[in-house]
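Asker: So the sequence lines, in the order shown, correspond to chains A and B.
Under our numbering, think of the first position of the first sequence as 1, with each following residue one higher.
Under our numbering, think of the first position of the second sequence as 1, with each following residue one higher.
Rather than coming from a laboratory, the hints here were simulated on the basis of the structure.
From the three backbone atoms N, C-alpha and C, an ideal C-beta is built for every residue, glycine too.
Check each hint, because a few of them may be wrong.
Claimed, not checked - Mimicking PhoX-like on lysine-lysine, the simulated pairs with C-alpha atoms at most 25 Å apart in a straight line are:
| id | chain 1 | residue 1 | chain 2 | residue 2 |
| --- | --- | --- | --- | --- |
| 1 | A | Lys-22 | A | Lys-41 |
| 2 | A | Lys-19 | A | Lys-36 |
| 3 | B | Lys-17 | B | Lys-57 |
| 4 | B | Lys-106 | B | Lys-3 |
| 5 | B | Lys-106 | B | Lys-59 |
| 6 | A | Lys-41 | B | Lys-106 |
| 7 | A | Lys-18 | A | Lys-36 |
| 8 | B | Lys-3 | B | Lys-55 |
| 9 | A | Lys-41 | B | Lys-71 |
| 10 | B | Lys-3 | B | Lys-17 |
| 11 | B | Lys-17 | B | Lys-59 |
| 12 | B | Lys-106 | A | Lys-40 |
| 13 | B | Lys-71 | A | Lys-40 |
| 14 | A | Lys-36 | B | Lys-106 |
| 15 | B | Lys-3 | B | Lys-63 |
| 16 | B | Lys-55 | B | Lys-17 |
| 17 | B | Lys-71 | B | Lys-59 |
| 18 | A | Lys-41 | B | Lys-3 |
| 19 | B | Lys-63 | B | Lys-17 |
| 20 | B | Lys-3 | B | Lys-71 |
| 21 | A | Lys-40 | B | Lys-3 |
| 22 | B | Lys-3 | A | Lys-36 |
| 23 | B | Lys-106 | B | Lys-17 |
| 24 | B | Lys-57 | B | Lys-3 |
Unchecked claim - Listed next, with one range per pair, are the computed distances between beta-carbon atoms:
| id | chain 1 | residue 1 | chain 2 | residue 2 | range |
| --- | --- | --- | --- | --- | --- |
| 25 | A | Gly-28 | B | Arg-51 | 17 to 27 Å |
| 26 | A | Leu-114 | B | Gly-41 | 16 to 26 Å |
| 27 | A | Met-15 | B | Thr-69 | 45 to 55 Å |
| 28 | A | Ser-38 | B | Ala-83 | 22 to 32 Å |
Stated by the list, open to error - One-sided excerpt, in silico: chain A residues whose CB lies under 7 Å from chain B:
| id | residue |
| --- | --- |
| 29 | Ala-39 |
| 30 | Pro-42 |
| 31 | Leu-43 |
| 32 | Leu-90 |
| 33 | Thr-102 |
| 34 | Phe-105 |
| 35 | Pro-107 |
| 36 | Gly-108 |
Here is what each chain is made of, one letter per residue.
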Amino acid sequence: ETGVTQTPRHLVMGMTNKKSLKCEQHLGHNAMYWYKQSAKKPLELMFVYNFKEQTENNSVPSRFSPECPNSSHLFLHLHTLQPEDSALYLCASSQVDRGEETQYFGPGTRLLVL
Amino acid sequence: SQKIEQNSEALNIQEGKTATLTCNYTNYSPAYLQWYRQDPGRGPVFLLLIRENEKEKRKERLKVTFDTTLKQSLFHITASQPADSATYLCALPNSGGSNYKLTFGKGTLLTVNP
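Build the full structure now, drawing on both the sequences and the hints.
Answerer: Quick look at the structure:
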C-alpha cells in the first residue's frame with residue numbers, strides 16, 4: 001500500500017447523475033493531485049492542491065469540481081458527465097518542499113459513464 | 001511544458017534477458033527524472049529518481065542512466081522475470097516554480113515471457 005486510498009474503486013454512472021470520488025492520504029504530505037488516465041494516453045493532470053490551495057486547473061470542464069477540505073482529503077465531484085469521461089481517475093500526493101517531487105498514487109477509481 | 005517520448009508502446013523479452021526502455025524529452029533540461037511502474041488497473045508506483053548531475057543510479061536489478069546532452073534516460077531491468085511485466089512510465093518535473101508538477105510519458109508495456 002502506498003498510503004493513499006481512493007473510494008470507490010469502481011463507479012458506473014449515467015450522464016445525469018451526481019457522484020463524488022474521495023481520496024485520502026496518510027503520509028503527511030502537503031500537495032494532492034487528480035489525474036485522468038485514458039487508454040493509450042499519458043496521465044493528464046487535472047487539478048493540483050498545494051497547501052490546500054488550488055494551484056492548477058488544466059482547462060478541465062466545469063462538470064468536474066474538486067474540493068480539498070484539508071491537506072489529507074481530496075474530492076472530485078462529478079455531474080452531467082459524458083461517455084468520453086470514462087477513464088481511470090487517479091489521486092496522488094507529494095511533499096512539495098523537498099525539491100524532488102516523488103508522487104504517491106492511490107489505486108484509482110475506474111469510472112464508466114453510460 | 002515538456003514533451004516526453006518513450007521508445008515504444010510495447011516491448012517483449014525472454015525471461016533472464018535485460019530489458020532496456022528509453023525516455024526522450026525535448027525543451028528544457030530537468031533537475032531530475034523519475035521512473036514509475038504501473039500494473040493494470042492500478043496507480044503508478046515510484047521506482048527510481050535520478051538527478052541531472054548523476055549519470056547512473058541502481059536499485060537491485062534496476063539501473064537508470066541520464067544523459068542531459070542527448071536528453072535521454074535509459075531504464076534497464078537485468079535478469080528479467082515474468083513478474084516484471086508491467087507498464088513503465090518516465091516523468092519529469094515542470095520548469096520554474098511549479099517543479100513539483102510532473103509530466104508523464106505514455107509508458108512502455110513490458111512483457112517478460114517465461
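Asker: Failing hints, ascending?
Answerer: 10, 29
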